[in-house]
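Visitor: Just so you know, the sequences run in chain order A and B. Using my numbering, the first residue of the first sequence is number 1, and each one after it goes up by one. Using my numbering, the first residue of the second sequence is number 1001, and each one after it goes up by one.
Hint data in this document are derived by calculation from the structure and do not stem from the laboratory. Since we're looking at a predicted model, the values are computed, not measured. Check the hints yourself; a few may be wrong.
Said to hold, decoys possible - Restricting the straight-line Cα-Cα distance to at most 35 Å, the calculated cross-link-like pairs of lysine-lysine (DSBU-like) are:
hint: 1; chain 1: B; residue 1: K1019; chain 2: A; residue 2: K142
hint: 2; chain 1: A; residue 1: K73; chain 2: A; residue 2: K2
hint: 3; chain 1: B; residue 1: K1088; chain 2: A; residue 2: K215
hint: 4; chain 1: B; residue 1: K1088; chain 2: A; residue 2: K142
hint: 5; chain 1: B; residue 1: K1063; chain 2: A; residue 2: K73
hint: 6; chain 1: B; residue 1: K1088; chain 2: B; residue 2: K1019
hint: 7; chain 1: B; residue 1: K1018; chain 2: A; residue 2: K142
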Amino acid sequence: MKLYRADMHIHTCLSPCGDWGMSPKAIARKSRQMGMDIIAVCDHNTAENAGSAIRAGQNYGITVLPGMEICSKEEVHVLAIFETVDRALAMQAFVYDHLPGKNSPNLWGDQIVVDENDEVVDENSRLLIGATSLSLYEVVDKVNYFNGLCIASHIDRPAFGIISNLGFIPEDLRFSALEVSWRISMREAAGLIPDIAGFPCITSSDAHYIEDVGKAWTGLMMEAPTFTEIRNAFEGRLGRRIVHRDTARKEDG
Amino acid sequence: MQAADLAAQFNLTVVAGKKGLERTVSGGHCGDLLSEVMANAPVGCVWLTIQVHQNIIAVALLKEMAAIILTGGNRPDEETMAKADAEKIPVMVSDQRTYGLAGQLYSAGVV
Ligand SMILES: [Zn+2]
Ligand SMILES: [Zn+2]
């Protein structure tokens, strides 16, 4: 088995708050430079750049998983990461059906669909920054229905997180993992948020600018950089496991 | 009433967006869920919230708000202050909780 470095929360230029420099190609190149093995592109309420990110990743030897960061009606952000683009797009169709409003680029920013060669394909006109009309339960259930990984985003942050907005993690919500932001260590997080005990935890960059890609990552000890292996590592099955960064450096190589 | 009068009358500290202090206040709104504020805040209002994320400035622009008041001792993020300055949306802070400050504003005729 080998330690893989995974940054599973990266925005592209399709997110209104994502920089224009966040093209799938630029992200793949930077991920390579930063020594990442696995990344997931998670734009706000959309997966339209996921396919080109996967192709760009192939060109740079990076495993890219298709995902999105869904905003529930409680304004809680949830990462939804899938095995295939088809499943991500099926989830996206469900999200779009429950996502009201039109984007105002001057208020929120541009939403650019780009191919793997930096060619602009389209501009998305939906209010991607907005909240869906879906409850957190509906989001989590649907992600699980499509066999996705369902991860509560940046649970230590004061905005758009499950703890900030709902106060605690309801026991019957079926998250695959929780994400602690790059700002604090796992140990600090465990001290601040006792709720996280018992959940697999990851950390990621939540990059909106190219220089942030790969600045935080989660170590995954497993056989291969595949979706199934990541799930195994989350669940601690077959000897696969999450290795936190403090200890990952020692185990690396 | 202008945003500047609000700050003076209710002892609020203006921490960003000072160039927007001549904005006229018409009505008020309290809320921390951005989608709810986008849907229900009246145009030109003063908005009381504990949300400090930079998205509050875009919401304020959308509703042409007169000012944002962060209550309960909350302070804006750095990006929020930069956006508030750029967009001339006054951001004020108060140590009072939303309920108490809203009551004072309402009694003083900010409706
Ligand atoms: Zn988020
Ligand atoms: Zn994000």
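Visitor: Against the structure, test the hints numbered earlier, and report the numbers of the ones violated in rising order.
Guide: 1, 2, 4, 7
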